[in-house]
Amino acid sequence: MIGEPILEVEGLDVVIPLLAGTLRPVRDLAFAVARGETFCIVGESGCGKSLTALALMNLLPRRARRSARRLRFAGTDLARLDERRMADLRGDRIAMIFQEPMTALNPAYTIGNQLEEAMLRHRRVSRAEARDRAIFLLEKVGITAASSRLRQYPHQLSGGLRQRVMIAMALMCGPELIIADEPTTALDVTIQAQILHLLAALQREFRMAVILITHDLGIVARVADRVAVMYAGQIVETGAVADIFARPMHPYTQGLLRCIPVPGRTRRGAHLGSIPGLVPSLMGELAGCGFRNRCVYASPPCAAGGIGLVPLSPQRAYRCLLPPRECAANAAAAAAP
Amino acid sequence: MTPPLLEMRDVTRSFEVSAGLLRRRRTLRAVNGVSLRLEKGEVLGLVGESGCGKSTIAKMLLGLLPPQSGAILLEGRSLAALDRKAVARRIQPVFQDPYSSLNPRKTVGAIIALPLRVHGIGDRRERRARVFAMMDRVGLAPRLHASFPSQLSGGQRQRVAIARALITAPEILICDEPTSALDVSVQSQILNLLQDLRRELGLTYLLISHNLAVVEHMATRVAVMYLGRIVEEAASETLFGRPRHPYTEALLASVLTPEPGLGLPDTGLGAAFPNPLEPPSGCAFHPRCPKAMPLCRGTPPPARSKDGARVECHLCAAAVP
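Chains as they are written, first to last, in this note's numbering: chain Y, 23 to 359; chain F, 20 to 340.
Please note: incorrect hints may appear among the correct ones.
[Stated by the list, open to error] Covered by chain F, per the in silico footprint, the following chain Y stretches (three or more residues, Cβ under 8 Å): (1) 212-223; (2) 237-248; (3) 295-303.
[Stated by the list, open to error] Estimated spans, in silico, between C-beta atoms of each pair: (4) Y:ALA357 / F:SER169: 58 to 64 Å; (5) F:ASP116 / Y:ALA292: 26 to 32 Å; (6) Y:GLU122 / F:ARG218: 35 to 41 Å; (7) Y:ALA167 / F:THR126: 53 to 59 Å; (8) F:ARG218 / Y:ARG287: 20 to 26 Å; (9) Y:ALA292 / F:ARG144: 37 to 43 Å; (10) Y:ALA292 / F:LEU296: 42 to 48 Å; (11) F:ALA105 / Y:ALA292: 32 to 38 Å; (12) Y:ALA130 / F:GLY260: 48 to 54 Å; (13) F:SER37 / Y:ALA167: 20 to 26 Å; (14) F:HIS138 / Y:THR125: 39 to 45 Å; (15) Y:GLU161 / F:ASP155: 37 to 43 Å.
To be clear, the hints were calculated from the coordinates, so they are not data collected in a lab. A virtual CB, placed ideally from N, CA and C, is assigned to each residue, including glycine.
Please build the complete structure, drawing on both the sequences and the hints.
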């Protein structure tokens, strides 16, 4: 991370009390995001990445509870903020882009109404000023005939256009941080490339920090500055994007990278790598490493106690008992044909 | 010359859609003059953006939707003339969503055995033995025989769907986005399984996917669809190595391979996929095409075929005399 952090997270936990016990989908998360940076959280379904986003925004489902040792946004302690003051921040200085624009937009209101509302809620502006800002931003996100679009309803737009509207809405108040949860998963590859391109350009122009949550390693490789890999509610590896892809340390990261066919590198029709087994239950405490029942390198010590993050440099760490040299050797052995 | 295993000849299918309350119903041409051949043992990849007609083709090849014009031939015999059950024994689907394609109230064993019962194959004991053999083949533990779909993971459910498709020993699988709902670590397992089964059982696949990396990995031949037409078709190496249609080029350029440092591609495609109710004149791709010429606006491009590759583009027509 280069520069002043805009968001600092330490010891973030999410617990959901259920009849059968306590579900702990996010466990002791720590990361920081700098101004203007793109930080990717990557992981498979159920790893806790989306709940992490909701926890930061204080938008968790009612039963879920959040706790953190440190949750600072631009000098403000989010953990101590009451809901009213959090609501002042949300949509103003921190904005969120959701995966499915069809469900995130209100079908009963026009695009214009929803765009203007974001600004009227937070700023002392007239409806006309909010409308001008909405038109300006719709044009910015590549929507033609913006003023006539304001009168349209979400169902009248295609998926790609709806996602552009979502981005414009997130930008209405000029946020310093955008949290985007799988923003292009529902879109075609051609539109996905365009939307990510657009997001990156706007991010540079307005110097926003972006936390991008995705399961797609292709997206991570192309947009991230830094990456955190999540598994079973924990960050298992973190570092600069080039480092994660060139020298993955954690057996899970190594396994994930072997699962995806890479054009030109993977032989056509050859067997892809796979990670057998299932994600562990997230009920209660995890004894030992959460990945050990799927890990080819697991040994008896992996089952005991908590496994801490091993720092390699201020920006690079992984959560495994194997020493760094062995992890690097495993990665190299796996990369060899 | 033996006819191809499965063939579409100039097939058209449109739907009447309502454009809104009290408005005239309009015609949507989902598939507009498509010819495709599926040769025994190959994996034909079918790619294109949502709404281009991929799934309509899948439904027609399964015999679930009759074409309005043109013909679908199974080893040279019209699908329409064949008995539905006979078609189902030879062509089976694997769908995208293993959550909605399995009956939640039936056990895994009953789900996999159902096609055998429908076709009246074997007695109870024999069916049971075949189900266990098939479960073993697709990597499902025998103890899951009495489980319900809700007790299985996404990958296990997709294995059940594949087992059900293969239990009557069909020759062709129509796989419509078979791994799109799965995590990458599970996706690779299902792709490996499909490859193994194809080799062991001599199967032929039509693989519909929006994931071009998956298609490039699996397919031997690829057809690219745009607004109801196949705009380019070629062997996998040719199509991915030297795409000729500007749409194929743009599609390939949009793929985000996991290679840091390459940044984001700028495809040069205009914003929106056109409204299929009002397809553009001439070449349907011309409004988004970075290389469009005046000719493209008025005249639909002719198809050019060479060495088993086929492309519909005015530019390519000029290049290949």
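* Satisfaction of the hinted span 37 to 43 Å by the C-beta atoms belonging to GLU161 (chain Y) and ASP155 (chain F) -> With Cβ atoms ~59 Å apart, the hint is violated.
Practice prompt. Go ahead and decide if the range 32 to 38 Å is satisfied by the Cβ distance of ALA105 (chain F) to ALA292 (chain Y).
Written response: holds, 36 Å
Is the listed coverage of the segment 295-303 of chain Y by chain F valid when you require three or more residues with a beta carbon under 8 Å from a beta carbon of that chain?
With 5 residues close enough to chain F, the hint holds.
| Measuring from beta carbon to beta carbon, are GLU122 (chain Y) and ARG218 (chain F) in 35 to 41 Å? | Since the Cβ atoms of GLU122 (chain Y) and ARG218 (chain F) sit about 38 Å apart, the hinted range of 35 to 41 Å holds.
Practice problem: Go check the segment 212-223 of chain Y versus chain F for me, would you? Three or more residues, Cβ under 8 Å, otherwise it fails. | Solution: holds (count 8)
Exercise for review: Return holds or violated for the Cβ distance of ALA292 (chain Y) and LEU296 (chain F) against the range 42 to 48 Å.
Suggested key: holds, 43 Å
| said: 37 to 43 Å was suggested as the range; check whether the CB atoms of ALA292 (chain Y) and ARG144 (chain F) agree with it. | reply: holds, 40 Å
Exercise for review: Indicate whether the distance between the beta carbons of ALA130 (chain Y) and GLY260 (chain F) respects the range 48 to 54 Å.
Suggested key: holds, 50 Å
Within the segment 237-248 of chain Y, is the number of residues with a Cβ closer than 8 Å to a Cβ of chain F three or more? It holds: at least three residues are needed, and the segment 237-248 of chain Y offers 10 whose Cβ sits within less than 8 Å of chain F.
How does the Cβ-Cβ distance of SER37 (chain F) and ALA167 (chain Y) compare with 20 to 26 Å: does it lie in that range? holds, 25 Å
**Prompt:** Can the suggested window of 53 to 59 Å be confirmed for the beta-carbon pair ALA167 (chain Y) and THR126 (chain F)?
**Reply:** With Cβ atoms ~55 Å apart, the hint holds.
Margin query: Verify the CB-CB distance for HIS138 (chain F) and THR125 (chain Y) against the hinted window 39 to 45 Å.
Written below: The hint (39 to 45 Å, Cβ to Cβ) holds, given that HIS138 (chain F) and THR125 (chain Y) are roughly 41 Å apart.
The structure shown violates the earlier hints numbered 4, 15.
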